[in-house]
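S.K.: Protein chains in written order, with my numbering: chain A, 2 to 281; chain B, 416 to 645.
Incorrect hints may have been included.
[What the hints assert, rightly or not] Think about it this way: if two alpha-carbon atoms lie no more than 25 Å apart in a straight line, the pair counts; the simulated PhoX-like pairs of lysine-lysine are: (1) K135/A with K493/B; (2) K124/A with K135/A; (3) K592/B with K121/A.
None of these hints come from the bench; they were simulated from the model.
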Amino acid sequence: MNSISLQQVSKSFGTKEVLKDISLTIPSGEIFGLLGPSGAGKTTLIKIMTGQLSYTGAAEIMGKSCDRLDRSIYSDIGMVMDNSGLYERLSCYDNLILFAKIHGISKEDVAKILQRVGLKDVKVLAGKLSKGMKQRLILARALLHHPKILFLDEPTSGLDPATANEIHSLLTELKNEGTTIFLTTHNMEEAHKLCDHIALLNEGVIVEFGIPDELCRKYNKENTITILDRNGNTVTFLNNSGAADRIAEYFANDNVEAIHSSEPNLETVFISLTGRELDI
Amino acid sequence: MRIPNITALFQKQIKDVLKNMPVLVLFIVYPIIAAVMTNAMSDQPEVGTMFLSIFATMHCAFTPIVATSSIIAEEKEKNTLRVLIMSNVTLREYLFSIGGFVLIATLITGSTFLLIQTQSLVKSLLFLASMGIGGLISIALGMCIGLLSKNAAAANGLAVPFGMVFAFLPMLANFNKGIEAVSRFTYGQQVSYLFAGKPFTVFGVVILCINFIALITVSTLLYKRSIAED
Numbered sequence: 002m003n004s005i006s007l008q009q010v011s012k013s014f015g016t017k018e019v020l021k022d023i024s025l026t027i028p029s030g031e032i033f034g035l036l037g038p039s040g041a042g043k044t045t046l047i048k049i050m051t052g053q054l055s056y057t058g059a060a061e062i063m064g065k066s067c068d069r070l071d072r073s074i075y076s077d078i079g080m081v082m083d084n085s086g087l088y089e090r091l092s093c094y095d096n097l098i099l100f101a102k103i104h105g106i107s108k109e110d111v112a113k114i115l116q117r118v119g120l121k122d123v124k125v126l127a128g129k130l131s132k133g134m135k136q137r138l139i140l141a142r143a144l145l146h147h148p149k150i151l152f153l154d155e156p157t158s159g160l161d162p163a164t165a166n167e168i169h170s171l172l173t174e175l176k177n178e179g180t181t182i183f184l185t186t187h188n189m190e191e192a193h194k195l196c197d198h199i200a201l202l203n204e205g206v207i208v209e210f211g212i213p214d215e216l217c218r219k220y221n222k223e224n225t226i227t228i229l230d231r232n233g234n235t236v237t238f239l240n241n242s243g244a245a246d247r248i249a250e251y252f253a254n255d256n257v258e259a260i261h262s263s264e265p266n267l268e269t270v271f272i273s274l275t276g277r278e279l280d281i
Numbered sequence: 416m417r418i419p420n421i422t423a424l425f426q427k428q429i430k431d432v433l434k435n436m437p438v439l440v441l442f443i444v445y446p447i448i449a450a451v452m453t454n455a456m457s458d459q460p461e462v463g464t465m466f467l468s469i470f471a472t473m474h475c476a477f478t479p480i481v482a483t484s485s486i487i488a489e490e491k492e493k494n495t496l497r498v499l500i501m502s503n504v505t506l507r508e509y510l511f512s513i514g515g516f517v518l519i520a521t522l523i524t525g526s527t528f529l530l531i532q533t534q535s536l537v538k539s540l541l542f543l544a545s546m547g548i549g550g551l552i553s554i555a556l557g558m559c560i561g562l563l564s565k566n567a568a569a570a571n572g573l574a575v576p577f578g579m580v581f582a583f584l585p586m587l588a589n590f591n592k593g594i595e596a597v598s599r600f601t602y603g604q605q606v607s608y609l610f611a612g613k614p615f616t617v618f619g620v621v622i623l624c625i626n627f628i629a630l631i632t633v634s635t636l637l638y639k640r641s642i643a644e645d
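Taking the hints into account, I'd like the entire structure generated from these sequences.
M.R.: Here it is in structure tokens:
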């Protein structure tokens, strides 16, 4: 079953077309990554899918048209947007208790969520939290009501690697529990590590779609294998049947320190498709 | 409207305002000034009554306008209002809880005026009813300003002049008949008459109703515009 389905979705602000004929289907229980530079239209697409913006084309979330979303859909989705506000004069706990009451969640569940996202000092005011801790609190709030679909807009942007890794682990756990996760990012490592499928978005157009590893192999133009031998020398072979015997010889002589194939990373794929970098 | 949502927002608002010094001060400043001024004029009871009427008018006109608009605009600015709406809270529930909170806070802090000058039970109830009427109209105006403004600074920029018109004009009218001729068309002046112990008049009731209906209509239009934007 598909959690999200978009068919030729377009969106314009005035005369500027920010999304052009976007078509995607996202099966339930997978992590989908939308990669693109700032201003590519990623947040606009999330707003369309969550019923916050009008559009042309056909968009459905959990089988319901996004232009006629019932308010009850908000019980099934969780959102972490880059501008998700917190009540800065309230403690972390009070911030969550408010939304727990709105969703009819028990205090015990609030404590479990706080533990799960790694927020220990719950009495501290939200305004005094570091960026990483604020992001954990926003994530806790989004997870409070056990949403079926989680929209994450740049969830680890500006976070230290340790915090980002903890959030990645949590997202993987959620996926294993059956939550569908729609993630936007311009961090290709994050997308490669987490996502089952990705789409590369540039200037409102999806320029490529697929499984991260397959995309990297598809755009492997060099198609070479490089061996670093025990003496520190590097030897590069074209990846064809002729190279097999020579590579086997290196292994037979126990002369392989490291071996690498030449697949590009997602950033290189994006640059080769669009001529621009992801983090601009 | 769902009661759990309204009570959750109401409780949140109590906790938030207790840590929001500018709004908290708004609720206590006029009763304190009234107490000081009335005490200073204790040998002239009629002047004390005038001070009570002046500051009670300011309390029920100025405070709810600025507090309501500032709370709503801050929630818009910090995006917490959008988060609430995306959590299945309706804008109507939100406005009802904020309006309810400001009205109750105005009445509770406003009841301290009754401690300054002893009055009969009937007069005390009439005093609180007048404060409730003035507060309600001011909350409607505060909602208009809050829904119209993009941030708290813009809301204050609008709310303070409006608050001054409705709260300070009645004070000036005490000393200038020309100003009173104009200000009697405002709800602030009519509420001020009630605080001063003047009886209800048909003209006064009509003015209060017109002010209330006009502001409720504008706030409803702005509410619908906000819904459409969302």
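S.K.: Confirm or reject each hint.
M.R.: Hint by hint, here is what the structure shows:
1. This hinted pair checks out: K135/A and K493/B have alpha carbons roughly 14 Å apart, not beyond 25 Å.
2. Using a Cα cut-off of 25 Å, the hinted pair K124/A and K135/A holds, with the two alpha carbons roughly 13 Å apart.
3. Our distance criterion of 25 Å between C-alpha atoms is broken by K592/B and K121/A, whose separation comes to about 64 Å.
When held up to the earlier numbered hints, the structure conflicts with hint 3 and nothing else.
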